[in-house]
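A.B. asks: With chain A's structure known, arrange chain B on it following the hints.
Residue-level listing of the chains:
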Amino acid sequence: MAEKFDAIVVGAGPAGNAAAYTLAKAGLNVLQLERGETPGTKNVQGAILYADALERIIPDFREDAPLERHIIEQRMWVLDDKSFIGSNYRSDEFNSEKPNRYTILRAPFDKWFSSKVKEAGGLVICETTVTELLRDESGKVIGVRTDREGGDIYANVVILADGVNSLLATRAGFHDEIAPKNVALAVKEIHFLPQEVVESRFNVKGDEGVVIEIFGSVTHGMVGTAFLYTNRESITLGIGCMVSDFKKAGIAPYTLLEELKAHPAIAPLIEGGEMKEYAAHLIPEGGYKAIPQMYGDGWMLVGDSAGLVNAAHREGSNLAMTSGRLAAETVIALHNEGMPCTAAHLARYKTAMDESFVMKDLHKYRQLPDTLHNNPQFFSVYPQLLNRAAHTMLTVDGEDKHSKERAIRKSFVQRRSLWGLMGDAFRMWRATR
Amino acid sequence: MIKIEEKLFQNRYKVDEGRPHIQIANPSVCSSTCEVQACTFACPAACYSATETGGVELNTDGCLECGTCRIICSEHHNVDWAYPRGGHGILFKFG
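Residue numbers (the UniProt record's numbering), protein chains in the order written: chain A, 1 to 433; chain B, 1 to 95.
Since the hints were made in silico from the structure, they are not lab data. Remember, predicted model here, so these are calculated numbers, not experimental data.
Computed cross-link-like contacts, EDC-like style, restricted to lysine to aspartate or glutamate with a CA-CA straight-line distance of at most 16 Å:
| no. | chain 1 | residue 1 | chain 2 | residue 2 |
| --- | --- | --- | --- | --- |
| 1 | A | K276 | B | E5 |
| 2 | A | K98 | A | D52 |
| 3 | B | K14 | A | E127 |
| 4 | B | K14 | A | E37 |
| 5 | A | K248 | B | E75 |
| 6 | B | K93 | A | E233 |
| 7 | B | K3 | A | E258 |
| 8 | B | K93 | A | E274 |
| 9 | B | K14 | B | D61 |
| 10 | A | K364 | A | D354 |
| 11 | A | K248 | B | E35 |
| 12 | A | K276 | B | E6 |
| 13 | A | K289 | A | D354 |
| 14 | B | K93 | A | E37 |
| 15 | A | K181 | B | E75 |
| 16 | B | K3 | A | E259 |
Same shape as in the complex, but just chain A (with noise of 0.2 Å):
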């Protein structure tokens, strides 16, 4: 009989580390298998890792951490061809001893994080492809078969973290190939400068960083948006659109990349920097609606194989994080209880996710993937007018300004019509309550 685990975890990833870590520190007997390298190495993100979900988890992680930068300002940008209209949000607060968001790469950050894992009693196996997934004569999972010679191991239960592309628990028939509706792809490049021009160019000291969300004419309508990081001597920017408008529209994913890179309110913000990586990876977007069931006889999923993704804001990692953990401590609960991981056992997960920030943000913006779906305006009309709008605003030209408003309002009207404008104001509104 081949060595049988407590658990094993597939991946290591933020889902992945924060489960296997969490069954590891309470004892059990876990292990975790990675294909890459090392783990982070098959890993992608913007990155922002949020304190609170890895603080539940390891307390102490800030000190030693590879983090990049704490954010104490994010802007908001809508691009026309030529302009942006935004708004900053900026406070000295976010300067507090312990950070509430931070910069990251990826690559170091899984690592250090499985180095924990490690630390906790975890046996982490990387270079490693699951294949398929073992299961006996009733249908429960019992391991997981790898690309290693004699790869077959076995376990109480398996936990999926093998992220958005969970070709596992598609072929063992958990859930329907995610549609190119439900998914977006962001590609991304990592732009290397001196700490002290990233700091200049940002107005911003130390360990102080930046984000910059931005949408607007740079999705070419498509739903999507792009994002720049600034991180300690680097800065990440990328862009990402929903699979199913990049196949309608026929653009390449380095073309808007490119365009972005050359917009004048881009340009300069990266200007002579070193491109030293460049990156693609697919987010799952479907929000409440898309979420496959979450657990089986022997298995459950977590993060973005699970498409725990809020989209609205721009979260991933913390979802991924907490569901590892919940996953973990249901577990470890009936381990202790002595009950086996069946599916009605492991239903407790699916409550505990329930009961979470989780599920309730995700539910508060079910309906917002459909909205944006059926009202490409929001990517294409909307930011022309308000850039149009700042522009005619803000140009001192011998017109009086009643004037100027009057105009404004005919071109949102023009373009709208006025029970356009409600609807959208409406839809918006329904999408997002």
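C.D. replies: For chain B alone, kept in the frame of chain A given last:
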């Protein structure tokens, strides 16, 4: 025209020589049934290219393992997609 090769050149790969992890299931579907050939423009690594004879050619060497090709081929399900063998494929330095 953007040279995608210049972008991919910055990346680190451990190519599994002679063992492509993605394959076109039935090449004749690309040339005869598929009108859009979305893989040829949506793949962020430009792994897919249209051939002169109307088909689609695949070279997985620069693959970023994002999965777009598999998902965007939603009408024909003509992409046999798997992860590379453990340790192979793209190796992100920063991610």
